[in-house]
Amino acid sequence: MDIVKAARDEKHISGHEIRQRLFPDFFELHGDRLSGDDPAIVSGLATFHGQTVTVITTSRGHSLNERIQKHFGQPEPTGYRKACRLVKNAAKFHRPVILFVDTAGAYPGKSAEENGQGQAIAQNLLQIGQAKTPIITIMYGEGGSGGALALACGDEVWMMKNSIYSVLSPEGFASILWKDAKKAVQAADVMKLTPQDLLKFKVIEGIIDEPEDHQQVCDEIDDVLQKELKKLQSLSDTELLARRYERYRKF
Amino acid sequence: MVKLFQHKNTLTEKHVKANKSADDRVPDGLIKKCPKCGHEIFANQLDQYATCPECDYGFRISAKKRSKWLLDDFEEWDSEISPSDPLHFPNYDQKIAKAKKASGLNEAVMTGLATIQGQQFALGIMDPTFIMGSLGQMTGEKLSRLFEKATEKKLPVVLFTASGGARMQEGILSLMQMAKVTNAVAKHSQAGLLYIVVLTDPTTGGVTASFANEGDIILAEPHAMVGFAGRRVIEQTIHEKLAADMQDAENVLKHGFIDHIVKRQDEKKTLAWLLQFGGENND
Numbered sequence: 005m006d007i008v009k010a011a012r013d014e015k016h017i018s019g020h021e022i023r024q025r026l027f028p029d030f031f032e033l034h035g036d037r038l039s040g041d042d043p044a045i046v047s048g049l050a051t052f053h054g055q056t057v058t059v060i061t062t063s064r065g066h067s068l069n070e071r072i073q074k075h076f077g078q079p080e081p082t083g084y085r086k087a088c089r090l091v092k093n094a095a096k097f098h099r100p101v102i103l104f105v106d107t108a109g110a111y112p113g114k115s116a117e118e119n120g121q122g123q124a125i126a127q128n129l130l131q132i133g134q135a136k137t138p139i140i141t142i143m144y145g146e147g148g149s150g151g152a153l154a155l156a157c158g159d160e161v162w163m164m165k166n167s168i169y170s171v172l173s174p175e176g177f178a179s180i181l182w183k184d185a186k187k188a189v190q191a192a193d194v195m196k197l198t199p200q201d202l203l204k205f206k207v208i209e210g211i212i213d214e215p216e217d218h219q220q221v222c223d224e225i226d227d228v229l230q231k232e233l234k235k236l237q238s239l240s241d242t243e244l245l246a247r248r249y250e251r252y253r254k255f
Numbered sequence: 021m022v023k024l025f026q027h028k029n030t031l032t033e034k035h036v037k038a039n040k041s042a043d044d045r046v047p048d049g050l051i052k053k054c055p056k057c058g059h060e061i062f063a064n065q066l067d068q069y070a071t072c073p074e075c076d077y078g079f080r081i082s083a084k085k086r087s088k089w090l091l092d093d094f095e096e097w098d099s100e101i102s103p104s105d106p107l108h109f110p111n112y113d114q115k116i117a118k119a120k121k122a123s124g125l126n127e128a129v130m131t132g133l134a135t136i137q138g139q140q141f142a143l144g145i146m147d148p149t150f151i152m153g154s155l156g157q158m159t160g161e162k163l164s165r166l167f168e169k170a171t172e173k174k175l176p177v178v179l180f181t182a183s184g185g186a187r188m189q190e191g192i193l194s195l196m197q198m199a200k201v202t203n204a205v206a207k208h209s210q211a212g213l214l215y216i217v218v219l220t221d222p223t224t225g226g227v228t229a230s231f232a233n234e235g236d237i238i239l240a241e242p243h244a245m246v247g248f249a250g251r252r253v254i255e256q257t258i259h260e261k262l263a264a265d266m267q268d269a270e271n272v273l274k275h276g277f278i279d280h281i282v283k284r285q286d287e288k289k290t291l292a293w294l295l296q297f298g299g300e301n302n303d
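If you're matching them up, the sequences are chains A and B in order.
The opening residue of the first sequence carries number 5 in the working numbering; numbering runs sequentially from there.
The opening residue of the second sequence carries number 21 in the working numbering; numbering runs sequentially from there.
Please note: incorrect hints may appear among the correct ones.
[Said to hold, decoys possible] In silico negatives: residues of chain B with every beta carbon more than 12 Å from chain A:
#1 Arg80
#2 Phe109
#3 Leu133
#4 Gln140
#5 Glu161
#6 Gly212
#7 Thr223
#8 Ala292
[Stated by the list, open to error] Derived DSSO-like pairs: lysine-lysine, alpha-carbon spacing no greater than 30 Å straight-line:
#9 Lys254(A) to Lys118(B)
#10 Lys173(B) to Lys136(A)
#11 Lys288(B) to Lys183(A)
#12 Lys289(B) to Lys261(B)
#13 Lys206(A) to Lys261(B)
#14 Lys283(B) to Lys120(B)
#15 Lys115(B) to Lys183(A)
#16 Lys283(B) to Lys254(A)
#17 Lys204(A) to Lys207(B)
#18 Lys92(A) to Lys85(B)
#19 Lys187(A) to Lys15(A)
#20 Lys169(B) to Lys136(A)
#21 Lys288(B) to Lys186(A)
#22 Lys207(B) to Lys288(B)
#23 Lys207(B) to Lys235(A)
None of these hints come from the bench; they were simulated from the model.
Heads up, the beta-carbon is just placed ideally off N, CA and C, and yes, glycines get one too.
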């Protein structure tokens, strides 16, 4: 459960900070061009070591008001559709996509449900999964369920040392299996949601160290991104998609 | 406006005292109550389709039972594939044994080569009697193979979904099946082949958020529960009670996510008609 606490710790780096430190010229692009602009996803264009990249981050917000608007970082269908639109546009220009994910999951609200939360996630898996451009996801807190997978279905997924990625939150898991959300500690133990477990299952490519200083954290991320992008950008579209197919087919 | 009508009805079920001794006089399983409209039916009056005569709701039935009235011919694929236990999850093996006995299957989906009125297609039927049709690693494996084989043989795919979502006992590897099957669906689609989904009760969670929502045509059975998040979770999140039919297929259709609601009795002829329009074999 320690790792769960660490992943949810307020002190860990935020999406806002990652954007500021790693992508100082970040230019936000709003909206899904269908029905709205979900503030739980902040996305746009930026320069990364001389090349343009598309950056998509989940966002929990700071003030209480912001947090309520962003549903504490849980995207609505329009958020997933915004991400999908941006990835497809990035593919048009063969521009790499970097996603930063920290979400308990997709927002379980009535309007989210009626506006097709399931359909939005499904279409992300389908369309991001086929986008012909390198796509890397970095989990930097909680990676909860299909709502996280919808932003982590590209070529590589990396996790920060203090993060988790699981089929459901430990609370939800305990409540489904044992009808008792209070058994979350027990759930976290059997769920195998630590970066080390996930590396063993090959669900992720690697773990990024997380020193206390946030600039150092960003330097670590920067190193990984540079190295991995170079590798992925040397592949042809056909090779990239074949590699991606195999990445998920093995599970 | 008369205020009287704005009051909540005070005569709730809670206030009606159940007559337990009356219940005792009726043998178990003699009467089935429709979970949607409450209509009571003598169990022995349910025909092979197992639908409610009042509202057409289709009761949850096993894949094998469904295949009996749906198909003219069927050759099963990968029937030997059985759940893995990647997390060595406590008591999971007992649950699997029980599910196998209940469904007559080794996994939560039955797949194979099917024929309806002379038309061949690749078919998957998820089984709600097998751990509520949950999506495990090997469920995903059978589904991926279904789409891969259909792509290779240039066949359309029909998939009946029924699922409580990801299979918790298999953790993150269960989640990965959503992406794995989706990629196989994409290949099938890129080959120009037709994929028809039939949503049955219940289709929820990770299945709703992946291959159930990736069909060219998406049909649903009357009043089938179709949703992503669980009703209880939504109610706790928004602190509001949801309408009983919020996740009924009819409401999902109204919001634009389902093509057509089809009664079980009409499924065979509807599929036969739709299958004419997909797959090279059917050109």
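Going through the hints against the structure:
{"no.": "1", "hint": "Arg80", "result": "19 Å, holds"}
{"no.": "2", "hint": "Phe109", "result": "6 Å, violated"}
{"no.": "3", "hint": "Leu133", "result": "22 Å, holds"}
{"no.": "4", "hint": "Gln140", "result": "26 Å, holds"}
{"no.": "5", "hint": "Glu161", "result": "9 Å, violated"}
{"no.": "6", "hint": "Gly212", "result": "15 Å, holds"}
{"no.": "7", "hint": "Thr223", "result": "9 Å, violated"}
{"no.": "8", "hint": "Ala292", "result": "27 Å, holds"}
{"no.": "9", "hint": "Lys254(A) to Lys118(B)", "result": "28 Å, holds"}
{"no.": "10", "hint": "Lys173(B) to Lys136(A)", "result": "26 Å, holds"}
{"no.": "11", "hint": "Lys288(B) to Lys183(A)", "result": "39 Å, violated"}
{"no.": "12", "hint": "Lys289(B) to Lys261(B)", "result": "39 Å, violated"}
{"no.": "13", "hint": "Lys206(A) to Lys261(B)", "result": "41 Å, violated"}
{"no.": "14", "hint": "Lys283(B) to Lys120(B)", "result": "28 Å, holds"}
{"no.": "15", "hint": "Lys115(B) to Lys183(A)", "result": "16 Å, holds"}
{"no.": "16", "hint": "Lys283(B) to Lys254(A)", "result": "38 Å, violated"}
{"no.": "17", "hint": "Lys204(A) to Lys207(B)", "result": "28 Å, holds"}
{"no.": "18", "hint": "Lys92(A) to Lys85(B)", "result": "43 Å, violated"}
{"no.": "19", "hint": "Lys187(A) to Lys15(A)", "result": "25 Å, holds"}
{"no.": "20", "hint": "Lys169(B) to Lys136(A)", "result": "24 Å, holds"}
{"no.": "21", "hint": "Lys288(B) to Lys186(A)", "result": "47 Å, violated"}
{"no.": "22", "hint": "Lys207(B) to Lys288(B)", "result": "26 Å, holds"}
{"no.": "23", "hint": "Lys207(B) to Lys235(A)", "result": "25 Å, holds"}
Going down the numbered hints, you'll see the structure goes against 2, 5, 7, 11, 12, 13, 16, 18, 21, while the others check out.
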